Amino acid sequence: MSRHLVVIGHGMVGHRLVQALRARDAGDAWRITVLAEEDRPAYDRVALSSYVDDWDAGRLQLDGAEFSDDPRVDLRLGAPVVEIDRAARAVRTVTGHVLGYDALVLATGSAPFVPPVPGRDLPGCFTYRTIEDLDAIRAAARGHTTGVVVGGGLLGLEATNVLRGLGLRGHVIELAPRLMPLQVDEGGGALLRRTIEGMGLEVHCGVSVTEVVRHEDGLLLRLSDDTTVHTGLLVFSAGIRPRDELFRVAGLTVAERGGVLVDETCRTSDPAVWAAGECASFEGRAYGLVAPGYAMAETVADRLLGGDATFSMPDMSTKLKLLGVDVASFGDAHGVTPGALEVVHNDPVSGVYKKLVVSDDAGTLLGGVLVGDASAYGSLRPLVGRALPADPGSLIAPAGGAPALGVDALPGDAQVCSCHAVTKNAIEEAVGAGCRDIPALKGCTKAGTGCGSCVPLLKQVLVSCGVEQSKALCEHFDHSRAELFEILRVTGIRTFSALLARHGRGRGCDICKPTVASILASLGSGHVLDGEQAALQDTNDHFLANLQRNGTYSVVPRIPGGEITPEKLLVIAEVARDFALYTKITGGQRIDLFGATVDQLPLIWRRLVDAGFESGHAYGKALRTVKSCVGEAWCRYGVQDSVGLAIELELRYRGLRAPHKIKAAVSGCARECAEARSKDIGVIATENGWNLYVGGNGGFTPRHADLLVSDVDKRSLLTLIDRFLMFYVRTADRLQRTSVWVESLEGGLDHLREVIVEDSLGICGELERAMAAHVDSYADEWRGVLEDPVKLARFTSFVNAPGAPDPTITFRTERGQRVPVPLGVPEVRT
Amino acid sequence: MTTSEAPRLTWLRICPEARLWPERGSAALLPDGGQVALFRTTDGAVHAVGNLDPCTGAAVLSRGILGDRAGRPVVISPMLKHTFDLSTGECVDDPLVAIPVYPARVVDGVIEVAVEEMSGR
Ligand code: SRM
Ligand SMILES: Cc1cc2nc3c(=O)[nH]c(=O)nc-3n(C[C@H](O)[C@H](O)[C@H](O)COP(=O)(O)OP(=O)(O)OC[C@H]3O[C@@H](n4cnc5c(N)ncnc54)[C@H](O)[C@@H]3O)c2cc1C
Ligand code: SF4
Ligand code: FES
Chain S
3 MSRHLVVIGH
13 GMVGHRLVQA
23 LRARDAGDAW
33 RITVLAEEDR
43 PAYDRVALSS
53 YVDDWDAGRL
63 QLDGAEFSDD
73 PRVDLRLGAP
83 VVEIDRAARA
93 VRTVTGHVLG
103 YDALVLATGS
113 APFVPPVPGR
123 DLPGCFTYRT
133 IEDLDAIRAA
143 ARGHTTGVVV
153 GGGLLGLEAT
163 NVLRGLGLRG
173 HVIELAPRLM
183 PLQVDEGGGA
193 LLRRTIEGMG
203 LEVHCGVSVT
213 EVVRHEDGLL
223 LRLSDDTTVH
233 TGLLVFSAGI
243 RPRDELFRVA
253 GLTVAERGGV
263 LVDETCRTSD
273 PAVWAAGECA
283 SFEGRAYGLV
293 APGYAMAETV
303 ADRLLGGDAT
313 FSMPDMSTKL
323 KLLGVDVASF
333 GDAHGVTPGA
343 LEVVHNDPVS
353 GVYKKLVVSD
363 DAGTLLGGVL
373 VGDASAYGSL
383 RPLVGRALPA
393 DPGSLIAPAG
403 GAPALGVDAL
413 PGDAQVCSCH
423 AVTKNAIEEA
433 VGAGCRDIPA
443 LKGCTKAGTG
453 CGSCVPLLKQ
463 VLVSCGVEQS
473 KALCEHFDHS
483 RAELFEILRV
493 TGIRTFSALL
503 ARHGRGRGCD
513 ICKPTVASIL
523 ASLGSGHVLD
533 GEQAALQDTN
543 DHFLANLQRN
553 GTYSVVPRIP
563 GGEITPEKLL
573 VIAEVARDFA
583 LYTKITGGQR
593 IDLFGATVDQ
603 LPLIWRRLVD
613 AGFESGHAYG
623 KALRTVKSCV
633 GEAWCRYGVQ
643 DSVGLAIELE
653 LRYRGLRAPH
663 KIKAAVSGCA
673 RECAEARSKD
683 IGVIATENGW
693 NLYVGGNGGF
703 TPRHADLLVS
713 DVDKRSLLTL
723 IDRFLMFYVR
733 TADRLQRTSV
743 WVESLEGGLD
753 HLREVIVEDS
763 LGICGELERA
773 MAAHVDSYAD
783 EWRGVLEDPV
793 KLARFTSFVN
803 APGAPDPTIT
813 FRTERGQRVP
823 VPLGVPEVRT
Chain V
1205 MTTSEAPRLT
1215 WLRICPEARL
1225 WPERGSAALL
1235 PDGGQVALFR
1245 TTDGAVHAVG
1255 NLDPCTGAAV
1265 LSRGILGDRA
1275 GRPVVISPML
1285 KHTFDLSTGE
1295 CVDDPLVAIP
1305 VYPARVVDGV
1315 IEVAVEEMSG
1325 R
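Read top to bottom, the protein sequences are chains S and V.
Converting from the first sequence to the numbering used here requires adding 2 to each position, the first position being numbered 1.
Converting from the second sequence to the numbering used here requires adding 1204 to each position, the first position being numbered 1.
These are computed hints drawn from the structure, not numbers from a lab.
Heads up, a few of these hints could be off.
[Claimed, not checked] Pairs of lysine-lysine residues, derived as DSSO-like cross-links and limited to a Cα-Cα distance of at most 27 Å, are as follows:
id	chain 1	residue 1	chain 2	residue 2
1	S	473	S	461
2	S	444	S	473
3	S	448	S	473
4	S	321	S	461
5	S	448	S	461
6	S	444	S	321
7	S	321	S	448
8	S	461	V	1285
9	S	793	V	1285
10	V	1285	S	448
11	V	1285	S	444
12	S	716	V	1285
13	S	586	S	570
14	S	461	S	444
[Said to hold, decoys possible] The calculated label-pair distances, taken between Cβ atoms and stated as ranges, are:
id	chain 1	residue 1	chain 2	residue 2	range
15	V	1304	S	750	49 to 57 Å
16	S	184	V	1318	53 to 61 Å
17	S	768	V	1236	55 to 63 Å
18	S	504	V	1212	46 to 54 Å
19	V	1298	S	184	51 to 59 Å
20	S	431	V	1298	27 to 35 Å
21	V	1237	S	227	53 to 61 Å
22	S	123	V	1318	52 to 60 Å
Computed from a predicted structure; not experimentally measured.
Don't be surprised by glycine CBs; every beta carbon is placed ideally from N, CA and C.
Just need the whole structure built from these sequences, with the hints factored in.
Okay, structure coming up:
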C-alpha cells in the first residue's frame, strides 16, 4: 500500500520536490497531492522579470509542471491550505476539503515584505512576486511617466528595470547607504550606483518612505529626508518574509527571524512534517534563493524514501546582470572571517570594481565581489576555500593582465555548477559516459540549466577531456563554413540544391541556407533574389530590409561616410513623412526609417532610388557603414581628408557579403573622433599617411582593433584592406566577427601580418583579384529589384488579397512618431 | 479538450498554385481575419499552417526559411528562430507551443485550404 504525501505550495521548490521524488520512487511508495494557492502550475519565478519580454506566461512554466502523464500526482490549483491539523494528520483547503496525509511537506515560499508606511494600500501600490503582480503593474503603468521602487536590493533593481522597460522613468529608494547591501560591499555599491544613475535612473540611498498619499492622478511619496517624489505607481521590494503563519498556528517551531525551523534532514519539529524552500529556516536562517531550496527539496525526497541525505549551509554565491551591469558575489563577500584580507581593484572610469577576500596569509580564497566585469566569476567561485593558484592581485587585474584561470586549475571536487551542485568530477564522469556536447551534459547532470553562468566552464571540461567540438555547420553539412567556401569556389557549384546533393543531406535549414547564400554572394553569383538563391535568404535579405518586432521592416539608405546634402535629407524626410515612418539617426551615421510593410518597401525605394540613394545593406551580413570624422577640411587638428577616404572605402566595399557584418571608420587625427578602433577596420590619419587597425568591434564583447601597419599611403592601404577582407570572407566561421576570427587564427595577428602583408602563403594576388571582381560587379540591390517585375512580385502582403493591410500591425504614437503596439499580449486580468 | 461533433470543413480557394514560390512562403488572409502561411516545398508538397508566430505574436511564419529537422519538414520563424513541424504544427524547441495546421490541396491548379466551418460561437 502506498502512502499519501501532501505538498503545500506548488512553487519552484515544491515542484522540484515532487519531480525528485517521482524520479526516484521506482516502487511507487508515495501517492502525492499538491495543493497550490496560485491558479497556474509552478513557473520560473527566478525568470519572472523576463515575463515582460513577451507577456507570455506559458513560457515561464516549469518542465512537467502539469504532471499530465503521471497518475500518481494530483495537482490542485487554486486550492490554498488554510489549516493544518497535526493530531489528525490532515489539512483543510479554503474550499473546505479535508485531506489526510502520512507525510506533509511545507513549500509555501515567502511573501514580499511591505513596510508599515501609511498609504501603502492605496491603488497604485504593488509588490513584485507573481505573474499577476506584473500584469497589474503593467496595467497601472499606462499613461504614467514615473515609477518608484522601494528597495534597492536584487529584486528592487530588477523591478526598476521592468518599470524602465514599460517606459517609466525609474526611481529606487534604498534604506541602506548603498544599493544591493546584501550582495556587494561599499565600493561595489558606489560603482553600481554611478552606473545606474548614468542610465537616467534616480537613486536615493539612506532614506525611507514615510508616507504615501494620493496626488493628482498618481501618488506623492514623502521621504525621510523631507523631500517628496511624485509618481504614477509604487512597487515595494523591501525584502521577503517566509510564509509561516499556518505553521505557527499549527504549533510547529518557527525560527525567531521567521521560517519553520528544520534540521539537517529538513524535518520540522513534527517528524511527519518536512519543509523546503523559502518558508524553511535552517540554523535560524531562511534563504531567499532557489539553489538552497532545491537542495532542501532533494534532501526531503531522499529522506522520504529512507535515504540519509543531509542539507548543509548553502553556497550563497550569485551572479547576475542588472540593468546590463554584471554583478557577482561569492563566498565571504563581506570579509567577516577573522583576519580576512581584501584585495581591491577599482576602476571607476571603465566601471569595473573587483574585490577578493583572502585568508590572513593571502593563501586561501574566501570570497569576493565583482561589479561591471564578472567574467572571472565562473573560475573564481569554485576556488572558494582553496589555495589560490596565483597572487590575488593578478587574478583581478584588468583584462589582458589576468592569467587565464582554466578548468585545469580546479580540483575534482570543486563545484563547477553551483545552481545544481555539480562537481568537476561529476562532469568528467558524464563525459566519460558518453556526453559529447553541452546539451548532453545539461540533460544528464543538470549542470548549466540554472543561471547558465557555468556553461563556459562546461565547454572547457569537454575540451580538457579531449572531446573535440564538431566543426559541422549543422545537421545537413559536416563541413565548416570555410570548407564549404572552398568547395563552392573550386568545384564551381553555384546552387544550394547541387551542393546539398553532392556534399550534404536532407533539405537544409536556417543555418546552412543563409550561409551558402552568403558564400554564393561573395563569389559573385548575381542578385541575391535570382532564381533558387531567393529561397535561401533569411527574411532580411529576402525583403532587403530589417524585420522588426511587429512584422514590419526598416529602411536604411546608404549615406557613405555620413556625408549628406540638404537636398537628400529633404528626400528622406519627405519619404518618411509620406509613409508615416518612424525616423531615427542610427549609431552608424545614417538614418533609419521604421514601420514599412512588405508591400510598401518597393514604393519607398522607388522614390529613394530615383533621388540617387542605394541600399545600405543594414539587413545583410555585409559591409555596413564606414563612419568618419569631419577631418582636415574643417577640423583645426585634422591632418588628412578622413571624410573623403571613408566615402572611398564605403563605395569600394559596399555590397560585399561576409561571414558577419563588417564596419569601418576613418579618423582625421589621433584624437580618433570616429571611434575607428572599435571597428573591424579602423583607419587613423597620421602626418605621413594612415595607420591601419583591424579586428575591433563593439557589441557583446567589445574589443579594440590592433595596429596592423602604420604610416602607409592610400594605395597600400586599399591593397591591404582588400586582402584582409577577402581572407576573412574565405576563411572565417559563420557569424564570426573579424575580432574573433583574428584571435582564432593560429599565430593570431602575427600570422595575419605574415599572410596579408608579407604574402607568406602566396595568395595575395588571388585575394586582390577576387576583390577587384567584387568592386567591378557591384550593382545596387534595390535598383535590381525595382527593375525586375519577377522580383517585385515577392513584395506582396497576401497572395489572395494584395495590398490588404495586415490586421495584426497597429501603431500608437510616442514622442510625435508612430511606434508598434506590442504584440502577443495576453489580456491583463483585473 | 475535445468536442463530440467532428468539425465540418469548408474548402477556400486561395490562389493559383503558380503564385507560390518554391521553398518560400506566402501569406493568405482568411475570411475571419485570420492568416495562413502557405508553402510549396521542393518535393512539390503544399503545406498550410497558421501565419502567426505564437512565440512573438507577429504574423511572419510565411517569411521563414524552410528545411528539415531530422527529416521532419519544418519552417523556422524569422523572428526568434523557433522551429515548427509543417505536418503537425508542433514547435520542435518547445513541446508546449504549436501552430494550427490546415488541410491543403491543389484543385485544377488552384490552392485550396480547409478551415472549420464557423459555428454559432
Ligand atoms: C539602427 C541601429 C541602432 C541605432 O538606432 O543607432 C542598430 C540596430 C540593430 N542592430 Fe546594431 N544597430 C546600430 C549600430 C550598432 C553599433 C554601433 C556602430 O555601428 O557604430 C554596434 C556596435 C559596433 C559593432 O557592431 O561592433 C551594433 C552592434 C550590434 C550587434 C552586436 C554585434 C557583435 O559583434 O556583438 C548586433 C547583433 C548581431 O549583429 O548579431 C546588432 C544588431 C542590430 C539589429 C540588426 C538587430 C536585428 O536583427 O533586428 C538592429 C536592427 C536594425 C534595423 O532594424 O534597422 N547590432 N549596432 C544602428 C544602425 C547603424 C547603421 O547605420 O547601420
Ligand atoms: C523577481 C524575482 C527574481 C528572483 N531572482 C532570483 C535569482 O536570480 N536567483 C535566485 O536564486 N532566486 C531568485 N528569486 C527567488 C526565487 O524565486 C525563490 O527563492 C524561489 O521561488 C523559492 O521557491 P519556493 O518554492 O520556496 O517559493 P515560491 O516559488 O514562492 O512558491 C511558493 C508557492 O506556495 C504557494 N503557497 C503559499 N501559501 C500556500 C498555502 N497556504 N497553500 C497552498 N499554496 C501556498 C504560493 O502561492 C507559491 O505559489 C527571485 C524571486 C523573484 C520574485
Ligand atoms: S579625429 Fe581629429 S580631425 Fe577628426 S574631428 Fe576629431 S580632432 Fe578633428
Ligand atoms: S552555475 Fe548556474 S547553471 Fe550552473
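Results of checking the hints against the structure:
no. : hint                       : verdict
1   : S:473 - S:461              : holds (14 Å)
2   : S:444 - S:473              : holds (20 Å)
3   : S:448 - S:473              : holds (25 Å)
4   : S:321 - S:461              : holds (19 Å)
5   : S:448 - S:461              : holds (14 Å)
6   : S:444 - S:321              : holds (19 Å)
7   : S:321 - S:448              : holds (18 Å)
8   : S:461 - V:1285             : holds (24 Å)
9   : S:793 - V:1285             : holds (25 Å)
10  : V:1285 - S:448             : holds (24 Å)
11  : V:1285 - S:444             : holds (21 Å)
12  : S:716 - V:1285             : violated (43 Å)
13  : S:586 - S:570              : holds (16 Å)
14  : S:461 - S:444              : holds (11 Å)
15  : V:1304 - S:750: 49 to 57 Å : holds (52 Å)
16  : S:184 - V:1318: 53 to 61 Å : holds (59 Å)
17  : S:768 - V:1236: 55 to 63 Å : holds (59 Å)
18  : S:504 - V:1212: 46 to 54 Å : holds (48 Å)
19  : V:1298 - S:184: 51 to 59 Å : violated (34 Å)
20  : S:431 - V:1298: 27 to 35 Å : holds (30 Å)
21  : V:1237 - S:227: 53 to 61 Å : holds (55 Å)
22  : S:123 - V:1318: 52 to 60 Å : holds (54 Å)
Violated hints, in rising order: 12, 19; the structure is consistent with all others.
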